[in-house]
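S.K.: Here are the chains, one letter per residue:
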Amino acid sequence: MAQRVAIIGFGQTRHRSRRDDVNGVELIQEAVRAALEDADLTLDQIDAMIIGNMDHFEGVNYVDTWSVDGTGAYMKPLLKLTTGGTTGTTLGIAGYHFVASGLFDTVLVVGWEKNSESDTTGAIITCSDPIFDRFSFSGALPGLAVEASAYMKAYGITQEDAARVTVRDRRHGANNPYAHLRTPVTVEEVMNSPMLSWPVKLLDICPRTDGAAAVIFAGERKARRLAPQPAWVIATSVRHDYAYFHDIDYTRMHTIEGAAKELYQYVGIKEPLKELDVIELYQPYSFAGLKWIEALGLCPPGESPRLLWDGVTDMGGELPINPSGGVICTNCIGATGLLRIGEAALQVMGRAEGRQVPNVNLALATGFGGAFWSDMMLLGRRPW
Amino acid sequence: MPEEEAVIYRGRIRMPYTWAVGETGSFFLTQLRDHARIWGTRCPQCRRTMVPPRRNCPRCLAKTHWLQLEPRGSLVTYTVVHYRHRIHPPQEPLIYGVIKLEGADTGLTHLLGEVDPADLRPGLLLEAVFKEPEQRRGHILDILYFRPREVTGS
Ligand SMILES: [Zn+2]
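Residue numbers (this note's numbering), protein chains in the order written: chain L, 6 to 389; chain W, 113 to 266.
These are computed hints drawn from the structure, not numbers from a lab. As the structure is a prediction and not an experimental result, all values here were calculated from the model. Where a beta carbon is used, it is the ideal one built from N, C-alpha and C, also for glycine. Treat the hints with caution; some may be incorrect.
Footprint (simulated), chain W over chain L, 3 or more residues, beta carbon under 8 Å [said to hold, decoys possible]:
hint, segment
1, 17-25
2, 74-86
3, 121-128
Computed far set for chain L versus chain W, every beta-carbon distance over 10 Å [unchecked claim]:
hint, residue
4, Tyr67
5, Leu108
6, Pro233
7, Glu280
8, Glu323
Work out the full structure: start from the sequences and follow the hints.
M.R.: Structure below.
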């Protein structure tokens, strides 16, 4: 690494189910303008840009070229990245790499999605293998539903346990003026919501959102000069397993386990529940809020419901998860992972306002996508 | 051992899309449809006038303001299309041009009509020909094409 890197700016749109008042380029530009204002920078101070979204979601394939009027990348180096659900965290990690290499000093990354412009499931289907997987495990839901099913059976988890996760995130989302869904729900309401694919019900799963996010990464000298409290990138980790839904161990989340282990070893974290101060978890449905925090090492397998019911992961608890309301409240897919990074950065900077966790020293952001792939970025108040 | 057979799957991806034009583009297109008027947007900082319109300047990010333009301009560059594809507009001869409207700083891509290709040259003065009101549907092709215009009053 040629230089240390920090996040010095974050901007996002007011996320909605549809934004007919703007086209995609204008939506992207809203987030870019917000991030530049947040960092008190102008476009000419940005050395390079990276943009990403989901393939097939808006029917625009060369998003990098098409969106230049929105990103402001005119006459700048610009790259498009897309990795499915992890697109947003891939963008953040790539922005970190750009600056850490020393080749660029200030890099703006943008993730966005206009889910309202296509059939989300139809678009996601195109990621499945056309010969052996596409007829069955198509779209976002079935893979998650069998994961939940296997996990419930293995550890005696109930649907009510999962509902408590939705209750937490929807309560947190009410504190976030940018969140798409801002009304709290009860365990009963989750349980009574329509069954989609057993055991996953409508209120267990994330919405489809129109929105964009932009994050600005800077090298150490610039970060110290430009930001009163930068959010320093401590470490990142990435784990991919298979692309096929038929070759995954659904009782464990191996990619989170591997990514977390690498991160904890690097920093010397032994008790993540005590040592982390906040987590923005890419949690596309409620059951992930149980199984995946076990994979993160917050408790032994099967014991996460106790943490949920005891309020350990609520605001005011020992380790708040998703103060922003998380993916359950807002899911503009290409932006979703970047929102986790941006929200974690706000927590470290102490600028998360109504959703601020007090005294955040270490904030973890995660990404999820593909066939159970995991990304992580650990942010801290001091450079590593 | 029987002769191996290569299995080939055929697929067809049919995806419905909708694209929100946005408030800025919607004003431009409805003015085209309802009044045969062409509007541009002007950046208060760099003073560039852009057609089609931009809500904010792509270079300065400043909020732009509306400016009505005359439906005429001059030819920047062009090509005469000799092959045929089903997405092409049914026009003979088929000529694509970049037209700079009077007062605009960006070109507008459109079709050229009522002109012999041999007479085309950069700088040729052009005017917009609109479709009949009942045929206009809020689309950039509510302008049928641009044709050479007579210069009068000189
Ligand atoms: Zn300008």
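S.K.: Does each hint fit the structure? Answer for all of them.
M.R.: Each hint tested on the structure:
1. Under the rule that three or more residues need a Cβ within less than 8 Å of chain W, the assignment of the segment 17-25 of chain L holds, with 3 such residues.
2. Only residues whose C-beta sits within less than 8 Å of a C-beta in chain W count toward coverage, and the segment 74-86 of chain L has 4 of them, enough to reach three; the restraint holds.
3. Here the segment 121-128 of chain L counts 6 residues with a CB under 8 Å from a CB of chain W, which clears the bar of 3, and the coverage holds.
4. Listed as a non-interface residue, tyrosine 67 of chain L keeps its Cβ farther than 10 Å from every Cβ of chain W; the least gap is roughly 15 Å.
5. Non-interface call for leucine 108 of chain L relative to chain W: holds, since the shortest CB-CB distance, roughly 24 Å, exceeds 10 Å.
6. No Cβ of chain W comes within 10 Å of the Cβ of proline 233 of chain L; the nearest lies about 24 Å off, and the non-interface call holds.
7. Separation of glutamate 280 of chain L from chain W is adequate, the least Cβ-Cβ distance of about 41 Å exceeding the 10 Å criterion.
8. No Cβ of chain W comes within 10 Å of the Cβ of glutamate 323 of chain L; the nearest lies about 42 Å off, and the non-interface call holds.
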